[in-house]
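Engineer: Spelled out, the chains give:
Number of protein chains: 2
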Amino acid sequence: GFSLCEVCAVHCQRFLMSRVGEDWIFLILLGLVMALVSFVMDFCIALLLQAQKWMYGGLDSNVILQYLAWVTYPVVLISFSAGFTHIVAPQAAGSGIPEMKTILRGVVLKEYLTLKTFVAKVVGLTCALGSGLPLGKEGPFVHIASLCAALLCKFMSFFGGIYENESRNIEMLAAACAVGVGCCFAAPIGGVLFSIEVTSTFFAVRNYWRGFFAATFSAFIFRVLAVWNRDEETITALFKTRFRLDFPFDLQELPAFAVIGIASGFGGALFVYLNRLIVQFMRKQKTINKFLMKKRLLYPALVTLLISTLSFPPGFGQFMAGQLTQKETLVSFFDNRTWTKQGMTEDFNYDSHSAAWKHPQANVFVILVIFIVMKFWMSALATTLPVPCGAFMPVFVIGAAFGRLVGESMAAWFPEGINTDGIIYPIVPGGYAVVGAAALSGAVTHTVSTAVIVFELTGQISHILPIMIAVILANAVAQSLQPSIYDSIIRIKKLPYLPELGWGHHEKYNIRVEDIMVRDVRYITLNSTYRDLHEILLIGNLKTVALVESAESMILLGSIERAQLQALLTQHLSRERRLEFIRDRADAERKRVSVVSTPSSEEGGQKVNHEVRFQISTEESSFTPARPISPKPLKPALKRTSTAEKNIEIPTSPHDSGIGLKNLLCARPQTDAMEEDPDAEDDMTLGEIEEWEEQQLDEQVNFNSWKIDPAPFQLVERTSLHKTHTIFSLLGLDHAYVTSIGRLIGVVSLRELRKAIEGSMTVKGVKVRPPLASFRDSGTSGTSSESEATELHKLWDRHTSISIPREHQPNTSDSDEKSQ
Amino acid sequence: GFSLCEVCAVHCQRFLMSRVGEDWIFLILLGLVMALVSFVMDFCIALLLQAQKWMYGGLDSNVILQYLAWVTYPVVLISFSAGFTHIVAPQAAGSGIPEMKTILRGVVLKEYLTLKTFVAKVVGLTCALGSGLPLGKEGPFVHIASLCAALLCKFMSFFGGIYENESRNIEMLAAACAVGVGCCFAAPIGGVLFSIEVTSTFFAVRNYWRGFFAATFSAFIFRVLAVWNRDEETITALFKTRFRLDFPFDLQELPAFAVIGIASGFGGALFVYLNRLIVQFMRKQKTINKFLMKKRLLYPALVTLLISTLSFPPGFGQFMAGQLTQKETLVSFFDNRTWTKQGMTEDFNYDSHSAAWKHPQANVFVILVIFIVMKFWMSALATTLPVPCGAFMPVFVIGAAFGRLVGESMAAWFPEGINTDGIIYPIVPGGYAVVGAAALSGAVTHTVSTAVIVFELTGQISHILPIMIAVILANAVAQSLQPSIYDSIIRIKKLPYLPELGWGHHEKYNIRVEDIMVRDVRYITLNSTYRDLHEILLIGNLKTVALVESAESMILLGSIERAQLQALLTQHLSRERRLEFIRDRADAERKRVSVVSTPSSEEGGQKVNHEVRFQISTEESSFTPARPISPKPLKPALKRTSTAEKNIEIPTSPHDSGIGLKNLLCARPQTDAMEEDPDAEDDMTLGEIEEWEEQQLDEQVNFNSWKIDPAPFQLVERTSLHKTHTIFSLLGLDHAYVTSIGRLIGVVSLRELRKAIEGSMTVKGVKVRPPLASFRDSGTSGTSSESEATELHKLWDRHTSISIPREHQPNTSDSDEKSQ
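In the order they appear, the protein sequences are chains A and B. For the first sequence, the working numbering gives the first residue as 1, with consecutive numbering after it. For the second sequence, the working numbering gives the first residue as 1001, with consecutive numbering after it.
The calculated label-pair distances, taken between Cβ atoms and stated as ranges, are:
(1) LEU1036(B) <-> GLY732(A): 41 to 47 Å
(2) ILE424(A) <-> ASN1363(B): 42 to 48 Å
(3) ALA563(A) <-> SER1550(B): 38 to 44 Å
(4) ALA362(A) <-> LEU1047(B): 56 to 62 Å
(5) LYS110(A) <-> VAL1107(B): 41 to 47 Å
(6) LEU1306(B) <-> ILE424(A): 49 to 55 Å
Honestly, the hints are just simulated from the structure, not real lab data. Backbone N, C-alpha and C define an ideal beta-carbon position, used for all residues, glycine too.
From just these sequences and the hints, can you work out the full model?
Structural biologist: Encoded structure:
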């Protein structure tokens, strides 16, 4: 027994090592942490919600007091959530899925994966959900899981170096997204699929496995915690349904399910549109906006006040089951008894949840319609609040309500069921609610995996075909009308994400890379001086700089990271090197002096004093107005500036920045060197230092200490836009160099590509339209025109005749775009 | 009502046009066709199986007759299936998933997607499954669906041109795989996921949507047909289970589920190993092999005889429920009552299926163990037969049996259930059977989506966590021991598939493209003559040929498809051009003749005769021994040969192949030209034609009619193996050119890459180890060693000093590999 276990353990480990790499510990840890976080948060949210109920129940003697308590509580919670998020980490507001989509695309979003953001997201989300507003948690959970993964990566990199690899980290984040959804709904399979659909364009199947592993573990622990906590007897679904298995639905009910699907499609598109409309309206209204900007917490507080006032149970809330929480609402919708006439008299008062839908004056149908309409705009409004919140769950509830409405109508229409073969199978409105929930959430998020999530949430798969049909129809309609809620947010937030290339528009995009590339590439050559490096660092904006053989040949040899260049320049102008220079000079001097006498010893001492004073002054630059040269102007160019000092002009001539550069970059190594080497005398005057630096800058760069990527991604200038898009998406590129027979002629970054795809405006107004543009449309990408003669001789002649495609005009439109 | 419908229809269509492209009709048609095929096949299989039962039941008076009937029937069916498959399309034998995996990778496998193969697969599979042998249908169904898709593509390309695009067709095939699995099990979601896991490495999420669409439609129609056929009352799962929902399992049962998972892992690995062992054994045994080769149908017949003898119900079959079909066996395994003591007395005789497990002499446990052991080797053996068959279903049944065994043991062990909180929840052995089925099939196929398939097959998702845990553990164990059954078949069949790069072995693969590339690239230059084209066509084996600027500069300008070159050469040596030449010459002659007299009119007539005879002789080459020049030797090089004429030597000198080449290639255009232009006199002698052709071959190629890909995929010589693998996998490349600063220095094809990944043998024994190999390991791919100096100056010098990296040694190892 034990030896077998050992063998198994060895095998499991060997497998995990080979298949999941060293990451299986990581994935288990991630699952564990997320399950705990999810459990604790759920517990806190339940407590908060219960507190409101308790307050509301305790004050039932006085309606005004009751109202005040009912309203104040969510206002305080939401205001706290918004304030806390704003102060600790503003990045934590909102869903998180759009940002993760962007990050998984390979774009680095600053501050999105830090401990601060984690704290803000967890605390903010707990408060927001505890307020009882129609908000969801699946988006924030994806973000929280990714934060966990990022922090775990950092933590584990203390023990081993493998977690420093960027592409590996992105794979971890992909698994984390699955874990996030998985342990939010206790739905591992649906979680994996949903996260794939929502975040990826191309998906590596190996990540799928990791996602399953981590999400299952996480969901398992999450549910086990519930069992241990005596919430549940055993592991079951979150919203368990009890529909009959033998005859779940009749074939003739399918049209009704299809109607739910199509209507949900329209509803989903409307929701996305409404959500975007609210955001844009709030942005445009300058006067309101200014006022709200000053009082940041006013907008959330006002919205919360409005929503909670309308759902006050003794008030309007009685017509929309205002006293029920989201969870209770869902449970009542998925109930497998009908609410309409035949069943109502007997067992409608079975539990308190369903009782909320019974009103003395109003019909069940009227209440459901009011619920749907009110919750619809409330959810669309609430999800624009600057608190951590998602839109999935509110939409899911609305969808369930709509499904229930259709189901109840069907049940009222066919009280005996549709089947006429003898046995009476009454219609199950709960099944319609499940279908509606899957369809509407699928329509809003543009996913089909909501179907799987629904199966896992309800623990029943009997309605698989109606659900699949409704979800597909809903997607069909919604996708033709609006982007998904996540893509909508990406557009609103202007995140650097590459849009999808439309289907069947291959012909429209007969654009080549040469039409959209930036021809004004920053590069360095094998003969570059340090001054060139300095200039490059001042201007460019890409992560890497191209290295070409010479300005004449322009043959691309590789690319160097910007950070490398900075380090190189820093090191070249370092104090150590200067002290070495001084020592060398002193040696040479001594040799000369040994021949002649020593006249200027006193002057040397003075020099040292002067220099020491200067050094202090540069390190505390803002306190010494007498500084001869300001180091400030260089800071923005070198991107090492603090946010407080942004409004500074760029230096007009690079000449007056030598010392500043040195001072700025070398502050730390300089002092280190002084501590290490206190005997070395730094007896250079300011002028001398400047002169030395100028001299150093004119030296040729030494290549031996460079870390060069010898194979940066290259495209040929005639690569089609479609191919470029595919390659960028597949490989997650940030930019690619465009070469023509080995010569660097341009660079394409995500930005150009995005512009070219979104509107052909930019492409049509291309500055340098190459002479062979008319020949270009006859490419070889599958269209079968016979006249596809690519006149290579001409092409070749053109390239040899172009000497250097270097255009050093400062293009203002670029910098304009950047500031967005 | 109607106008709303119209609006919906318009939107649906608009969406479908934009999202699925023009393919939605295609996908619906595909789903419909596959559902029909699946339904009809199922019907036929059921008939065949029933016929056997009927025969067996009718002859119960005489055991010997009964045995003969029982045994002869499957032997005849399997022999027919094997024979039919062999005669019509040998490609139809086996599963089909390995081949589809290879095809989706971008490799063109000949004859795999033809109508013949379709017929052979459908007929062969029906007979094979009708025989009652432990064979599955999910693999063949994937192949059948792909065949349907390919044929539909062809069919629809009559109406519009969009179905000729190769990449689009591959996307269609990906959707078709999902449809295949989906309508085989009526499991759309599981089908999509299974097909993704089994066939893809990288997956485009947009295909996911198509797969869902087509698979859902297909599964829907498939099930609706069953309802219309009165097999079912409404749409439900294929193997519906009725486990209790309120308390599906106790937490303390989880270790038992984990044991099932781990044991299934070992079992799955053993199955794959056994399967491969049998194939290799049959191959190695030369004497047996020779005998069997002669009598192709003997092996299938013998295997069938053995298996059906052992499962003869009155014989040994009584100890392994031999009379049950696969479907009946599964139904009995998934039964929610226990077979052990407490329930057996009362309702064990409820239906005939479960009765098969009751034996007067033997225990239920003994019978289950015998069943598992016998079916295990029988399935492994049966799946090696050369008939269309899969391994999924047999393995699924064995897994279910194993799960049932564990479940029954648990039920015997804890007759009152494990939970001690008051209510007695007896253990459900059927749940264990479901878990076992998912785990073992997951282990054999290396997939986790078997879990989803199981949910959809049984219509219950209550055991989700046990199933997920067992499947993951089974995968963990199996993947550490053996490849999946499909990868195993890929290796056995030596299909051109790129193996996965192991995880966590990035360091091991510090190999660069330059180490594995073929340096002896075939290329043509801008100054190439037609003779060069001819030579290129004789030697190379890649789909495209590189075009470089000149042999000196080697600068890569693009690539041309081999077929293009062939067409170009054909056209250049065409009869039309020769006739034109004759006309021109005649004109010139006439001018000369107008001055002099005409002496040789009779000789001209003779020439014509001679030429016409020659033309006939070349077209019917095998019947004219007096032919002066044989056109045969060229055929293999031009790949237009029939399979019968393979063993022919390559011509030693290209000189004697001029006319042959022309005759071979131009046979059709020539006759066309003659019909069109009957007046033109072809009065050249054989020698003159040869001379003319030689002259034509020496002409420089005219570039105007070329169809060139200006941006073939390029890699830099220092690209790491890992990066190369990723790019090849992602983009589905067949080969990529290796360039160094624009110069073509090599080419890497799938073959080199596969070799490099599979064994580092080839890589270590690389012929031309570049001088900077030691510097190479210090790349920039994320490892953080500080000494990563890439000595670019040296690199650059090296490249300029290499004049032409052209090595025209015939490498025999290559051609050796090719002949496999």
